[in-house]
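Chains as they are written, first to last, in the UniProt record's numbering: chain A, 1 to 1132; chain B, 1 to 139.
It is possible that some hints are incorrect.
[Stated by the list, open to error] Here are the computed lysine-lysine pairs in the DSBU-like style, where the Cα-Cα straight-line distance is at most 30 Å:
(1) K442(A) to K43(B)
(2) K714(A) to K46(B)
(3) K700(A) to K46(B)
(4) K112(B) to K442(A)
(5) K714(A) to K87(B)
(6) K108(B) to K714(A)
(7) K43(B) to K663(A)
(8) K440(A) to K112(B)
(9) K794(A) to K112(B)
(10) K700(A) to K108(B)
(11) K714(A) to K43(B)
(12) K638(A) to K440(A)
(13) K108(B) to K794(A)
[What the hints assert, rightly or not] Partial pick of chain A residues on the chain B-facing surface, computed with a CB cut under 10 Å:
(14) D710
(15) L717
(16) D811
(17) A1102
Source of the hints: derived by calculation from the structure; they are not laboratory data. Beta carbons are placed, not taken as given, at the ideal position from N, Cα and C, and that holds for glycine.
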Amino acid sequence: MSTAGFNSQNGAGTGQPYSNGPSQNPVGLQQLPGAGYGSGHQSPFNLMQAKAPSPSVPGHYSPGPFQPLPPGSPYHLSPSPTAYPAPQGQPLLTAPLIGRPPSQTPPHSASSSPGLRLIPAQPTPPPPPAVSSSSYHQNPLQTAAPAWHYNTSQPTMRSPAPMILPPHGPVANNVNPAASLAGQSLPPPPLSSAAYNTSPPSPHLSQTQSQPQGLGMPPTSLHGYGQPGSAPPPMNPMAPHTYQPIRPAYGPPPTGPPPPMRPTPPPTGPPAASGTPPPTKADGAVAGNGPQATNSYNHVDSKMAGLAQPGPPGRHLGHYPSLPPGYQNTSGPPAPSPMHPAMQAATQPYTQAPQAYQQMSGGPGMAQLSPSLASMSLQSGTPEALRVVNLLQERNLLPPTPISAPTPCLTQDLQRINCSPEVYRCTLTSIPQTQSLLNKAKLPLGLLLHPFKDLSQLPVVTSSTIVRCRSCRTYINPFVSFLDQRRWKCNLCYRVNDVPEEFMYNPVSRSYGEPHKRPEVQNATIEFIAPSEYMLRPPQPAVYLFVLDVSHNAVEKGYLNVFCQSLLDNINALPGDSRTKVGFITFDSTVHFYNLQEGLSQPQMLIVSDIEDIFLPTPDSLLVNLNECKELVQDLLKSLPSLFQKTMETQSALGAALQAAFKLLSPTGGRMSVFQTQLPNLGVGALQSREDPNQRASAKEIQHLSPATDFYKKLALDCSGQQVAVDLFLLSSQYCDLASLGCISRYSAGNVYYYPSYHHQHSPAQVECFQKDLKRYLTRKIGFEAVMRIRCTKGLSIHTFHGNFFVRSTDLLSLPNVNPDAGFAVQMSIDENLVDTQVVSFQAALLYTSSKGERRIRVHTLCLPVVNSLTDIFAGADVQAISGLLACMAVDRSVTASLGDARDAMINAAIDSLASYRQFALTIQQPGLLAPACLRLFPLYILALLKQKAFRLGTSTRLDDRVFAMCQLKYQPLAYAMPMIHPSLYRLDDLTDEGALNVNERTIPQPRVLQLSVEKLSRDGAFLMDAGTVMYLWIGRNCNPIFLTQVLGVPSYADVLDNLYVLPEIDSAESQRTRALIGWLRDQRPFYPSLHVIKDESQLKASLLQHMIEDRTDSALSYYEFLLHLQQKITK
Amino acid sequence: MEAAVFILSLVDCCALIFLAVYFIITLSDLECDYINARACCSKLNKWVIPEMVGQCLSTMLMLISLHWFIFVLNLPVAVWNIYRYVKVPMGNMGVFDPTEIHNRGQLKSHMKEAMIKLGYHLLCFFIYLYSMILALIND
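The following block holds chain A by itself, in its conformation from the complex (with noise of 0.2 Å):
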């Protein structure tokens, strides 16, 4: 038996006595070479944690005989049988922390981790959810935070009993590099009893106030946010404690699924109910912040207050100017401010967690409350997801920190494994038992994937058997049943399987017959190594291959420097083992080979002016071992630049070169990187200019968003077939008909970058977004040959799938290469019903051959619960998945009708879903226009969405912009994506550090998010847009002078130059935040968005402005105007 081993390359190499670091590996450490998974830390409190018991399914494992094993039990804890391989180039060891993207602290990850998210719906003190040895490879974030956070007994570290808590040194340790080296790895043991006791006064170095009452209301908020974030209501004048208890009327208790959005109040319940663990979820800010968590909540608060003070009047978040003035008394406390509970609610939730949470609450709020406040009070059970919106009242939706992915309401036990929606996200938590009752939600039932992410902690399984559903093929995954020990039953299809022999070992244990307890059953996203029944053939090498536009136009965009210099400084960084290969094609009207057969003194260049009938002049040497040949690459691309500095060709035969390209791989597959710089205009897949520019604006219907020409398609196809993936490089000012080029990438697996304005001299925005965009392609992560299979509970099917692919058959992605940067997304149906079903799991099981010539597979299993009724449904909607997911819809709408039926499409799914609401899921009808609160962004993303240049009308847009746009749309995963419609605008010039996040040692500002609106831009200010692909620093006329100074280093606004689009570095506290902030943006996204500074008379002012979506423009709705018109089609 070849025992399901997790040898290790690596973590054999830690000579430390208990180098299990279970769960939650410090970032740090993870990054060390030849640290294994666990190398972690010594914190005497790993015993403890290897010892707290799981809290497993009940009757599936008892954690009891798993107590005493040795420390060492989880899987690190020796050498080779039990730690699982990790070769290099693994992300594992290098890449950044799950479900973030580099540079990410988990801390921050933590807050959205559903782990946080999912206590609420636990109606028990729970046993801390984590550490048990199974979460070995959890992500920390899942595991170890909650637990840390929402311990309500005072339970001391030492204590045997289950409820022990995890240790919160590892915490400190893992979350935060920067914090643990404050000396606040390992905070005394007391402290984590302080989180929910308001009293301790803990010493929390990161506090940049003192708030000596601990987890009380700090004063600082009070009066410092005074508007919006406390303001007493007008009845209650009182000081803030008493205040404090009217919270539960809008934090109803945790009976439903969690609060979706991140700011939210928390659900201190009632009595009855507050035997449970205050459910706060935890901030960014505050569970980034590890040690000092306990009070964080008044971190975050205190934020608040400091941003608050400072800003202009403008910056009240106000009702709508225009409404009258009784309307906007209705629902929120007239006094102080004009904020709405849910606001203030929103703006500081933590607060009072603890208090209200030792307090009787209940009573007295309520009769204090507003009237419309009071009859939600009614329905005290409905989750703060459900709480009724009124979206005329309330201007101030958008929170003011990122909003996280809703929990779906499962057990605690299931939801810990979950998988992390990061990863995979569903645009309905709750999924409806019937077709009938999602078409009456009328919101679309889809899955949002993004399936190679980066990702730290990832189990790698080597076992010569997975063990598989024998009917259906699932994977295990932890949400099948065990019958007994020798039988499991599949949890898609139902069909009782057997376990295999080899199943029965548990190489984390060391122990035999607990296959519930084998790392497939204990994480929702795994790897394997598979065994050879996996491969058709054996495994590819990394094929390479670049082909370049050396045309008169290209050589005049002068992009060939920075491509031979980037891939000169990359060459060794490609990922790839010593069979690597890579080959040269250029073209113009010709198409150009090289030889780099070893043993030329020099590149041999060959040209095959036959572009009808291309052939290959050397088959055997135009790919070559990139190992051996390295020094020709490094000759040909320092000579490449010159070579065709005098060329007179302005002819492009990308056609006879693509299929070169493709004869050239087709043997092997690999990539294809094509850099094309005009409209293909000679030979075969020549294209003509379809765009009339002058029709760009006025246009009430736009032409020619698809494709041409089958050529590109039918070419795609095969090299699809061939496991060739094309990434094509757009570098042009003119219209290149994207929507046929972009055919080669979209089914063949690739990307489209898209640089429209790049010139080597005039445009170094896009110079520096080409060269950073570059060295992460050529850099990234990469699987060949690959495919995917999403797979469903018998029950649901998929109907459409989006993203960059071929649906080779009904539930099989073929994806030639897949990368760590592209996104999936999917449309299911209910066949049906789903009456006997309490959850439904869906699989997504991706193979590929990693650049090591290793064939993996990566599985990812995500559990949702069935609901029968409609509020239900509504409290578990995604508004950020539904968005996404409407967004590939109307993409698709635009290609095959037009983009008006798309936006019709769009409004309508808006009008729709709250018509519905308010017919089936409202109880108190009220007027205006609601919506619950989960939803309460919808209109607004619609509108975004209807603003976005991919479905603008009435605007100038270029026809490949916005064809660009719609790829995006499709392409991106949704947390890239999200900026992208609905850009987060910051208040710039008075960045401070509270609240901030701390990632690698840098201290990350977290100003608020503010609506999109020209209102809320003030001259004194400067402000940055942060609009997924590019940002925008606008400086105002009158901006604060420390800012022009410090960080901009001018002594005026005169002098601010008109295409600054780097900060200069300047040694003072403004400059190191805002770039800090600037460069924590970035470094969220794989692709690197440009900085513009603009001043008022900047050209670009007008492309700010565009994304201002709350604001009216000639041809489109303002958002109050948009929000009438809905109510006006919801009524009628």
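Position chain B relative to chain A; hints supplied.
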């Protein structure tokens, strides 16, 4: 003469029935994952034009032989076939596009269409058969 027209139509109709069955089999193969979308679509696209021609042929025959009722019965299907062919977007690889066929329930609608056509051709078959016998008897 009339008998000849109907015999010809009958043969044509048989061919169309076979074609419809072939479509159904191929599509269900795709549904069951026996062949991939590329192969399926290239197989089917080959037969789109023959099908159109066959349908138009029997329509024209009926028009020429002045059988108005059968002509009217045939016309919509012929028009639909032509419409479907003409409406294929430029970027698509034919009526059956491998990249689209799994999206938006296209596979199901193609299947439904093939089923309906099969039923329709069977109906026509019996009408032709009846008419042919009638014509032969009358002769």
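message: When the structure is checked against the list of hints, which entries are broken? Sort them ascending.
response: Failing hints, ascending: 1, 3, 10, 12 and 17.
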